[in-house]
Amino acid sequence: MLSLKDIKKDYVVGDSTVSALKGVSIDFRENEFVSILGPSGCGKTTLLNIIGGLDRYTSGDLNINGKSTKDFKDCDWDSYRNHSIGFVFQSYNLIPHQTVLSNVELALTLSGVSKSERRERAVKALKQVGLGDQLHKKPNQMSGGQMQRVAIARALVNEPDILLADEPTGALDTETSVQIMELLKSISKDKLIIMVTHNPELAMKYSSRIIKLLDGKVIDDSDPLDKNVVEPIKKPEKEPTKADKKAAKKERKKLKTSMSFLTALSLSRNNLMTKKARTLLTSFAGSIGIIGIALILSISNGVQLYIDQVQSDTLSSYPLQITKTTASIGEIMNTMAKNHEDSANHDKDKVYSQNAMGEMINTLMEETKVNNLEKFKKYLDDNSDLKDLTSDVQYTYATTLNVFTESDSGVMQVNPSTLLEDMGYMSSTQMEAMSMSGSMGGMMGMGTDVWSEMIDNEELIDKQYDVIAGRLPEKYNEVVLVVDKNNEINDYVLYSLGLLDPSSLNGIVRRAMAGEDISVDSEQHVYTYDELLDLKFKVVPTPDFYKKKDGVWEDMTGDESYMKKAVANGTEISVVGILRPDEDASSASISGAIGYRHDLMTYLIDEVDNSEIVKEQIANPDIDVFTGLKFKTDENAADIDSSSETVSDSTADTESKADKTADSSDTDKKAGLVAGDSSMEIPEGMTEEQYKALMEQSGASDTGELADMGMNAMGSMDMSAIQGGDMSSLTETQKKYIASLSDEQMELMKQMLKEQSDTNADQLANSGKYSTSNYDNNMKTLGYSVVEDPDSINIYPVDFASKEKIIDIIDDYNDSVGEEDKIEYTDYVGLMMSSITSIINAISYVLIAFVAISLVVSSIMIGIITYISVLERTKEIGILRSIGASKRDISRVFNAETVIVGFVAGALGIIISYLLTIPINMIIAHLTDVPIRASIPVSAAVILIAISVCLTLIAGLFPSRVAAKKDPVIALRTE
0 MLSLKDIKKD YVVGDSTVSA LKGVSIDFRE NEFVSILGPS GCGKTTLLNI
50 IGGLDRYTSG DLNINGKSTK DFKDCDWDSY RNHSIGFVFQ SYNLIPHQTV
100 LSNVELALTL SGVSKSERRE RAVKALKQVG LGDQLHKKPN QMSGGQMQRV
150 AIARALVNEP DILLADEPTG ALDTETSVQI MELLKSISKD KLIIMVTHNP
200 ELAMKYSSRI IKLLDGKVID DSDPLDKNVV EPIKKPEKEP TKADKKAAKK
250 ERKKLKTSMS FLTALSLSRN NLMTKKARTL LTSFAGSIGI IGIALILSIS
300 NGVQLYIDQV QSDTLSSYPL QITKTTASIG EIMNTMAKNH EDSANHDKDK
350 VYSQNAMGEM INTLMEETKV NNLEKFKKYL DDNSDLKDLT SDVQYTYATT
400 LNVFTESDSG VMQVNPSTLL EDMGYMSSTQ MEAMSMSGSM GGMMGMGTDV
450 WSEMIDNEEL IDKQYDVIAG RLPEKYNEVV LVVDKNNEIN DYVLYSLGLL
500 DPSSLNGIVR RAMAGEDISV DSEQHVYTYD ELLDLKFKVV PTPDFYKKKD
550 GVWEDMTGDE SYMKKAVANG TEISVVGILR PDEDASSASI SGAIGYRHDL
600 MTYLIDEVDN SEIVKEQIAN PDIDVFTGLK FKTDENAADI DSSSETVSDS
650 TADTESKADK TADSSDTDKK AGLVAGDSSM EIPEGMTEEQ YKALMEQSGA
700 SDTGELADMG MNAMGSMDMS AIQGGDMSSL TETQKKYIAS LSDEQMELMK
750 QMLKEQSDTN ADQLANSGKY STSNYDNNMK TLGYSVVEDP DSINIYPVDF
800 ASKEKIIDII DDYNDSVGEE DKIEYTDYVG LMMSSITSII NAISYVLIAF
850 VAISLVVSSI MIGIITYISV LERTKEIGIL RSIGASKRDI SRVFNAETVI
900 VGFVAGALGI IISYLLTIPI NMIIAHLTDV PIRASIPVSA AVILIAISVC
950 LTLIAGLFPS RVAAKKDPVI ALRTE
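Numbering (numbering that gives the first Met the number 0), first residue to last: 0 to 974.
Don't read these hints as lab results, they were simulated from the structure. Glycine residues also receive a C-beta, built at the ideal position from the N, C-alpha and C atoms. Some hints here could point you the wrong way.
[As the list claims (entries may be wrong)] Heads up, simulated BS3-like pairs for lysine-lysine below, C-alpha to C-alpha not over 30 Å straight-line: (1) K779 / K323; (2) K614 / K546; (3) K72 / K114; (4) K4 / K66; (5) K21 / K964; (6) K123 / K874; (7) K69 / K190.
[Stated by the list, open to error] Restraint ranges, calculated between C-beta atoms of paired labels, are given here: (8) K462 / N486: 15 to 23 Å; (9) E553 / Q353: 50 to 58 Å; (10) A170 / R277: 24 to 32 Å; (11) L280 / H197: 42 to 50 Å; (12) L499 / E819: 45 to 53 Å; (13) E373 / D455: 17 to 25 Å; (14) S67 / L213: 25 to 33 Å; (15) D407 / A924: 46 to 54 Å; (16) K368 / A851: 46 to 54 Å; (17) E473 / A851: 48 to 56 Å; (18) K386 / D465: 36 to 44 Å; (19) D407 / T632: 43 to 51 Å; (20) I806 / Y351: 34 to 42 Å; (21) I842 / I806: 34 to 42 Å.
Construct the complete structure from the given sequences, taking the supplied hints into account.
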């Protein structure tokens, strides 16, 4: 079974060599109680350590079951100690921070025994030594005899072939010594027990064989096996086959010992729990760096969240906009900047003009282009990456949203709003120009319409607004009313929606500029939520404004009764919710006071497309459905120009003849009469007395004065206002003149204006019988749109990073198409601001770099503490090695300890940081109105804990390597 052949062991001490064993040869039986006696220093313990695989022999051979150990590697010796050897030491060598049960189980954990079997075998071994009721005690709670019994149980639990006892009774009293010896004797019936002792009486009484050593040599053996002659190991008759080698390798792998990391964690945890105060202080020191970084990240995260919210809110108001007809604002600005920076190539002795306007106009003309939005929309719809980068992609159309309200006094147009025009603030041309400016008008805060399409992103709406009454719209005919943060509505909105009487503002601007005393309703009106939720509107498609008469379609917007009927038949729109901007929202996506869903526009497009007038215009693309005339084309352009010249020449000839003859036209007479021209003949139907009465009524002393008054008044008079009956735009002189006219003169004036208008219309209509409009203008007037071909595209990026990726997508599209299909877009946000995120990140990284220094210092300190722990646990290292733990297992134990310390340090740092964010947020809220909330992201917390664990693990690598390299024999001697 076990054979020692000429074992020698030398120790090098300084420059000299000490021989501990000098050619020891012994054979042992499979089951016997062998006692080795001898004075101190004779080599007894050295021989025991060599047999147990703790120490290596210098020369000779140790044969185990007929197998030489000359070629054993460390792993082979570890497996041998774990499976074949059980140690019982004089000083017990129990791990103090482990329970009795855990001490006994430890050897089994290295063998890979399952937890349930491990527990069962450990309990059985303890019961075998009489400690079945002491399982959960710590070693320091037991007597010496009990601790030695635990050591024996630990030695037996793995069912070894050999039990090595080094002075097992050396620290026990006589009675206890006898008990231990009796226990060992009973065990020797089945196992080989080799005991080293200084007590010859106990050896003689209990041992079956006594071997005496002196100066490293065997001087006596009471019961040698074959007179200590060891047969030489015979070589195998044949070389082992590959199958034999594979089976032997598999067997060695099966017997290989390994400590799981969980076992290492358990050992280290129990050790650290015995030094709670030091562990806590060490962990706190290690957490300082984590606290610093965590606080920086929390504030940075709070700022970043605020920036993200600002970005999201801002980009929901200022999207990437692509219109059918667009100009590159960036290029225009670059050109202007370049012209401003260019150095002058002339002397500075005079003042020279700078052609800035000309360059700007030229650039505008060069950069203005028509985008193919139909093709680009298909590209966007097919792009799968766009969804994650955008809050919404909004398609707008040229279809006008005509909204009306009904009341007892009639119908009122709500959208498009005409309030500013009615007030005299803007002309219809200016209003149209502003409407055409689209989102740019909205950007500058000068939009005139109070109805706007909502962004199709309910999550973003929820972040930006609070629903204070009702709900969000769910159908195309449902809208929401938006109030400000103070629950107030601008009175412009109230007038536009008809909640206040807009007629009270008609002409108010012109009257104010004319110096009249005016008054505006300044009372604060209060509305309940229910009153606002009861609001109803009617949407009327533009084609419903027209009625077919005599084969052509006539605009009926001037017919009050017709409009009442058209509005009554319109689609009813209900206000279903009231929204208020969230206090923390920096911007809002709904630009108007009424927000409607996109499907309202698609519904309206369908209504327009299916209308009778639109179908007729599509079916007859060459005929103007409003006049019945043909549209101007390239083929008939020459005829039109020729006809125009003929009409012009004829008109000039007629005017020349009128000057030469006394028979003037009625129109000229009427004009002269209205103007008070005394040289004009009295019109037919008016006597001279009537004419004189007119002169007296006007207040003029003579006809010349009346003529002067009339001509001066008519020179700047708004004739269209006279024709429409609106006198509010006239000056005092004009009003005075109009007041001097009789009813007959007023009728003559209106008739004259109508005749002149009809004459102009006839000249145009008869110039070749062609319409002055074209097919596209008519379709635009009717509000015709195709869903696949939007008028503009608004892309709402999630954040600035997403915006850059979207721009890359647009650039990729431009690279893939021809020059005529390339897209020009307007990036308002990009023109206004640069990325603040990069600056915040840079500052955060610099601060983290500084704080990281303290984290590194803390890690080094933890490494030092771990090294101290290695020194403190040296004996434990020896114990673990004696039961079969490998060097790697020892490293794993101390790595586990650093992992625990690192984890506690990281967790402690995160907890303290979370607590510190409370006063930090209070300070930020006190010092600033910016809604920044410092908070540590969960992912950052996990990463910081992981960094703490990794750094402490790295710091503990050196101490763990030192521990692994410790000589187990020396380690066992350490106290």
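Hints and how they fare:
The straight-line distance between the Cα atoms of K779 and K323 is roughly 14 Å, inside the 30 Å bound, and the hint therefore holds. At most 30 Å may separate the alpha-carbon atoms for a hinted pair to count; K614 and K546 meet this at roughly 14 Å. At roughly 29 Å between alpha-carbon atoms, K72 and K114 fall within 30 Å of each other, so this suggested pair holds. For the proposed pair K4 and K66, the alpha carbon gap of about 12 Å is at most 30 Å, so the pair holds.
A threshold of 30 Å between alpha carbons decides the hint, and for K21 with K964 the separation of about 27 Å falls inside it, so the pair holds. Distance check on the hinted pair: K123 and K874 sit about 27 Å apart at the alpha-carbon level, within 30 Å; holds. The hinted pair formed by K69 and K190 meets the criterion: a straight-line CA distance of about 25 Å does not exceed 30 Å. Between K462 and N486 the CB atoms are about 19 Å apart, so this pair conforms to the stated range of 15 to 23 Å.
Taking the beta carbon of each, E553 and Q353 are about 53 Å apart, inside 50 to 58 Å as hinted. Taking the beta carbon of each, A170 and R277 are about 30 Å apart, inside 24 to 32 Å as hinted. The hinted range of 42 to 50 Å is satisfied by L280 and H197, whose Cβ atoms lie roughly 45 Å apart. Checking the proposed 45 to 53 Å range against L499 and E819 shows it holds: the Cβ atoms sit about 50 Å from each other.
Take E373 and D455: their Cβ atoms lie about 20 Å apart, and the range 17 to 25 Å holds. Restraint check, S67 to L213: a C-beta distance of roughly 28 Å satisfies the suggested window 25 to 33 Å. Our hint of 46 to 54 Å for D407 and A924 holds, since their Cβ atoms are close to 52 Å apart. At about 52 Å, the beta-carbon gap between K368 and A851 stays in the expected band of 46 to 54 Å.
Distance hint check: the CB atoms of E473 and A851 are about 52 Å apart, consistent with the given range 48 to 56 Å. For K386 and D465, the Cβ-Cβ distance of about 27 Å falls outside the hinted range of 36 to 44 Å, so the restraint is violated. At about 50 Å, the beta-carbon gap between D407 and T632 stays in the expected band of 43 to 51 Å. A hinted range of 34 to 42 Å for the beta carbons of I806 and Y351 is consistent with their spacing of about 40 Å.
For I842 and I806, the Cβ-Cβ distance of about 26 Å falls outside the hinted range of 34 to 42 Å, so the restraint is violated.
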